[in-house]
Amino acid sequence: MIRVQAESFDPGAELSGFVRSCGSGTGGIASFTGLVRDDGAPRLVALTLDHYPGMTERQLAKIEAEARARWPLTATLIIHRHGRMLPGEPIVLVAAASPHRRAALEACAFLIDWLKTKAPFWKLEETEAGAEWVAAKASDDAAAARWQGHLPGADRDSR
Amino acid sequence: MKLLYFAWLRSRIGVAEERVEAPDTVRTVGDLLAWLPTRGPAYAQALADPSVIRVAVNHDYAGPDRTLNAGDEVALFPPVTGG
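Here the protein sequences come in this chain order: A and B.
Note that this note's numbering has the first sequence beginning at 1, numbered continuously upward.
Note that this note's numbering has the second sequence beginning at 1, numbered continuously upward.
There's no promise every hint is true.
Said to hold, decoys possible - A short, non-exhaustive set of chain B residues, derived as facing chain A with CB atoms under 10 Å:
(1) 4
(2) 59
(3) 70
(4) 71
Stated by the list, open to error - Estimated spans, in silico, between C-beta atoms of each pair:
(5) B:27 / A:6: 50 to 60 Å
(6) A:65 / B:50: 52 to 62 Å
(7) B:65 / A:131: 27 to 37 Å
(8) B:21 / A:24: 51 to 61 Å
(9) B:17 / A:24: 31 to 41 Å
What the hints assert, rightly or not - Only some residues are given here: those of chain B computed to face chain A with a beta carbon under 8 Å:
(10) 6
(11) 34
(12) 38
(13) 40
(14) 43
(15) 44
(16) 56
(17) 77
(18) 78
(19) 79
(20) 80
(21) 82
Hints are computed from structural coordinates only; laboratory data are not their basis.
Fair warning: this is a prediction, and the values are worked out from it, not measured in the lab.
Note that CB positions come from ideal geometry on N, CA and C, so glycine has one too.
Working from the sequences, and respecting the hints, build out all of it.
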């Protein structure tokens with residue numbers, strides 16, 4: 001399931017619902033929750049996520065389909081917020097359910113790594129010193145690149 | 001075609017979206033990225049470094065060789081920073 005929303009969400013409640021819905025063939029679930037982080041210098045007031053409605057849903061669906069092609073998953077969950085949010089609030093929740101733990105753990109890492117480099121979201125940090133767009137990190141590209149050719153299902157993006 | 005801009009590209013160019021009639025010589029994404037800076041100083045400044053510009057055509061990432069059609073929705077944006 002994929003949800004893109006402005007409203008905040010309760011990661012624990014979402015995960016509970018996911019556990020109940022993912023079917024009796026599931027043996028393990030791995031999840032990742034991303035929060036608005038305040039590095040403290042300068043102090044973060046708020047984070048605003050810009051996104052590209054339409055392309056966001058399309059790219060998330062492709063990322064989810066890619067995970068399901070690579071691992072034997074019984075269910076997946078992606079919730080990603082947009083708009084303005086405060087330090088400590090959840091931004092993203094991804095979860096992968098599989099008969100066995102290895103596939104669940106790997107698929108969960110893959111989902112968040114690919115999402116960070118392919119889903120069209122942009123972070124605007126509002127700090128005490130002013131507002132600034134966050135620059136993409138080379139480490140995020142490297143994290144996504146390690147999944148290239150990892151298992152059957154090559155990267156089909158022309159990016 | 002319809003052009004959309006996101007994040008700092010939108011603030012630097014000054015509009016979120018616009019319709020443009022590109023000259024006949026603009027056939028590909030690469031042609032578009034070469035032509036847009038000629039439309040004014042804001043475009044020239046925003047698009048000065050092609051290494052930080054990503055392009056999507058009709059909601060899919062597109063490389064410089066992608067052919068463009070009159071009805072396409074073309075989005076220009078910096079590398080993504082979600083998650």
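Here is how each hint holds up against the structure:
The interface hint given for residue 4 of chain B holds, since its Cβ lies 7 Å from the closest Cβ of chain A, which is under the 10 Å cut-off. Against a cut-off of 10 Å between C-beta atoms, the interface hint on residue 59 of chain B holds, since the closest Cβ of chain A lies about 4 Å away. Hint status for residue 70 of chain B: violated, given a least beta-carbon distance of 19 Å to chain A, over 10 Å. Checking residue 71 of chain B against chain A by beta carbon gives a least distance of about 15 Å; that is not within 10 Å, so the hint is violated.
Checked against the hint of 50 to 60 Å, the C-beta distance between residue 27 of chain B and residue 6 of chain A comes to roughly 38 Å, which is inconsistent with it. Between residue 65 of chain A and residue 50 of chain B the beta carbons are some 30 Å apart, a value that contradicts the proposed interval 52 to 62 Å. Checked against the hint of 27 to 37 Å, the pair residue 65 of chain B and residue 131 of chain A passes, with Cβ atoms roughly 36 Å apart. The hinted window of 51 to 61 Å between residue 21 of chain B and residue 24 of chain A holds, with their beta carbons roughly 58 Å apart.
The hinted range of 31 to 41 Å is not satisfied by residue 17 of chain B and residue 24 of chain A, whose Cβ atoms lie roughly 47 Å apart. A hinted interface residue such as residue 6 of chain B counts as satisfied when its beta carbon comes closer than 8 Å to some beta carbon of chain A; here the least separation is about 6 Å, so the hint holds. With a least beta-carbon distance of about 19 Å to chain A, the hint placing residue 34 of chain B at the interface is violated under the 8 Å criterion. At a threshold of 8 Å, the smallest CB-CB gap from residue 38 of chain B to chain A is about 25 Å, leaving the interface hint violated.
For residue 40 of chain B, the shortest C-beta to C-beta distance to chain A is roughly 22 Å, which exceeds 8 Å, and the interface hint is violated. Checking residue 43 of chain B against chain A: minimum C-beta separation of about 18 Å lies over 8 Å; hint violated. The closest approach between the C-beta of residue 44 of chain B and any C-beta of chain A is roughly 19 Å, which is over the 8 Å cut-off, so the hint fails. Hint on residue 56 of chain B holds. Least Cβ distance to chain A is approximately 6 Å, under the 8 Å limit.
Because the closest C-beta pair between residue 77 of chain B and chain A is about 7 Å apart, less than 8 Å, the hint holds. Interface restraint check: residue 78 of chain B against chain A, minimum CB-CB distance 7 Å, threshold 8 Å, status holds. Proximity of residue 79 of chain B to chain A holds as hinted, the smallest CB-CB distance being about 4 Å (cut-off 8 Å). Interface restraint check: residue 80 of chain B against chain A, minimum CB-CB distance 5 Å, threshold 8 Å, status holds.
At its closest, the beta carbon of residue 82 of chain B sits 3 Å from a beta carbon of chain A; the interface hint therefore holds under the 8 Å criterion.
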